[in-house]
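Just need the whole structure built from these sequences, with the hints factored in.
2 protein chains.
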Amino acid sequence: MASSDDRVAGSDTGEDCPCRDGMFDTLEANRRRFIFGAGSALGAASALALATLPARAAEKAPPGAVWYDVPEDPTKVPGRPVAGDGGYGTRSQFETAVRIRFPTPNANTSWSLTPLASLYGNITPSGLHFERHHNGIPTIDPSRHSLVVHGMVGTPKRFSMDDIKRLPSVTRRHFIECSGNGLTEWKSPKGKTVQQTHGLLSTSEWTGVLFSTLAREVGLKDGAKWVLGEGSDAAVMTRSIPLEKMLNDAMIVYGQNGEAVRPEQGYPLRLLLPGYEGNTNIKWLRRLQVSDKPFMTREETSKYTDLMADGKARIFTLDMDAKSVITFPSGDMKLPGPGIYTISGLAWSGRGRILSVDVSTDGGHLWYPARIESTPEPMCTVRFTFPWIWDGKPAILQSRCTDETGYIQPTLAQLLAIRGDHGPYASVYHLNSIQSWAVASDGGVSNVHA
Amino acid sequence: MASSDDRVAGSDTGEDCPCRDGMFDTLEANRRRFIFGAGSALGAASALALATLPARAAEKAPPGAVWYDVPEDPTKVPGRPVAGDGGYGTRSQFETAVRIRFPTPNANTSWSLTPLASLYGNITPSGLHFERHHNGIPTIDPSRHSLVVHGMVGTPKRFSMDDIKRLPSVTRRHFIECSGNGLTEWKSPKGKTVQQTHGLLSTSEWTGVLFSTLAREVGLKDGAKWVLGEGSDAAVMTRSIPLEKMLNDAMIVYGQNGEAVRPEQGYPLRLLLPGYEGNTNIKWLRRLQVSDKPFMTREETSKYTDLMADGKARIFTLDMDAKSVITFPSGDMKLPGPGIYTISGLAWSGRGRILSVDVSTDGGHLWYPARIESTPEPMCTVRFTFPWIWDGKPAILQSRCTDETGYIQPTLAQLLAIRGDHGPYASVYHLNSIQSWAVASDGGVSNVHA
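Going down the list, the sequences are from chains A and B.
Once you know that position 110 of the first sequence is 109 in numbering that gives the first Met the number 0, the rest is easy, because the numbers rise by one and skip nothing.
Once you know that position 445 of the second sequence is 444 in numbering that gives the first Met the number 0, the rest is easy, because the numbers rise by one and skip nothing.
Bear in mind the hints are in silico, worked out from the structure with no lab data behind them.
Remember, identical chains collapse to one label, so a pair may be satisfied in a single copy or spanning two.
DSS-like, lysine-lysine: derived pairs with alpha carbons at most 27 Å apart: (1) K156 x K75; (2) K311 x K186; (3) K164 x K191.
Predicted, not measured: the structure shown is a model, and the values here were computed from it.
Structure representation (structure tokens):
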């Protein structure tokens, strides 16, 4: 996530990022293009051209699906055969949710957002996991990929994928959130949908080897304090991670939701740092260098730092603080009328388990405890729900979570008091304040600062 | 699962099922066809023709993937752009695992098996979830689908998909296992791979409405004891479920692994009965009828019953008993040589949580406790691991689990003592005995009865 930084320091590729105010119009056009033009795999046709194709276009399958004729009565005609999609199934043709790309000038240095309002439960389907790449997705043959662990170690070693898979493994569910999630929302409510405001968040079941297991294989020298992770993408992404975190719960993952890590998520190997900002979770991991000090790479000095109210900048702000958001109802939806609704949303914390979630329907005056759907796990999203009888009058919906450290999700005003307002140098990263959705008397839902 | 029954009573379509002894040769040819002929979406080319295409065929993407050129050094060329697959991602072109179809004569009345040996962790990727259809996969428009709840209720009601999604939801992880899982293994070890012997097992995160919530909407009459579930496929699948189970933990699910239930799993609505045999988990659910007695449908009288040692048949054998299997190493693999291996596998019980798993490497003489990767959840698989130093001598690997009821997974001999041996009328369903994999001194792994 580099939009605001880009305007200061130049984007990853030196191109300018579009100004914030207009970018969601482009984004919206982009979204429409994918939804209505989904039949063309890469959406090459323009939104304008597709707008002239009202009828047939709806009969094209969206990405990730295959189109079949729809019988009047499915009990009267035989269905499709077993494993009809060639042994790897696709979703229903009626499911159209897609990731949308943020309209940076260069699609290799960009990000895409998860359609949170279309998801159920807790896991993000791997095909809809958000992306953030600094120079595109590399294509890597796992038989030629390896991980080198060196630096302040007893015996430097190179691990092939087979070597890594032979070591004891763990499986854990964790979210990954880009620290730039919500970067457009600091000054005024810009994103129309929860996908636009919060879509740099996804949750997976991850499988891999603990770094502590690798550390036993290579041995650590006295004085070791930091570990550099390096990716094998064309950006050669590098970040410094405290050794304490690496030994505590860092995983070298090759499994995501039961199968191999997806190409956009680091195939064949990713560094998974539960609760840390997404950028540190190095994808396409090829090297870990142990050291006594941080490496002060570009992505932890000129980027991914936070200018504070006192004019100083924070660096290594690695933990993602507790955050929650209502995904139903959310921006750009329209409620059909007064009645009973089940408010639903997600809550998460980079510092441990979610303890509780509260919901307000009057802009934060009265708060009621929400129901959490499943037992909270460390650094993992939980789905919360709250029954709401809407009387048809304007309402402001908010959620607020507390994590097991006792930290309470702040209001935007509380957050700005600490982070400061620096005009064009405003904060980009680590916006975790309470999100407000206004419900108008006509049922329309919109993003507001309340 | 109807293979053996079919030979007695005729298959679903009246066609004969291939005899058991030869069927895995066909299955194997089928598997090779999908792996090597994966570029053709439906694998239309024959195994023979594809065997003459050694080089180029490997450069075709397998099902569920897109083929990209592989650079010599991925750090030296820009990668692919964000959301390059049209907003719904695909797996890596190097990942080739597919479901394989059991070679019944009619592909609409068949099943496909999950490639368990290729999976990581606990969740089954939705594209690889096993299938069992009785007349194919119907194509259903969710806007025209509804669920009727009637019979011994206060107020019969029809619920649209929108109605159902508006009710309070729950998200839970559960396995589904076809009661015919392992049907070929009663007499002698027939399946070569764990996909063939145990592949009618998959695990998902399911989201939906509890039946108890629907029951409060319609009200139940005194004397109600059973509920009929009916699917809207061309087989109009029907099963009778005890009301006690329905009120305890039955879910009407519309979410699977974060997105809509897949077409092969019942899109848009499935009855999910945690721990019950797969067939009762009615897909494409359209009707629930409350009654004071079971409906004695075809699928619970002529099928899905178990002839016992005393000549009587059990009916309504609904709970799946505790079972486990080692997925690495497993049949048809070859270990490269003596050394340290991490044995890995899955354990599950339809009656609650898995309490413990033991592993033997000497055919069941000595048993050692395995490590369970995550906190066991009710009616959900757990991944277990066990470190093994292979000395290069022949070995027999086995796993044995215990569930929280105290039930211990039996040996085949123990199971047969109860279930009996009825010659051509042998048991089909509910084989949950200990699986043995023989490791030869050359490292080859094969399915044995030990």
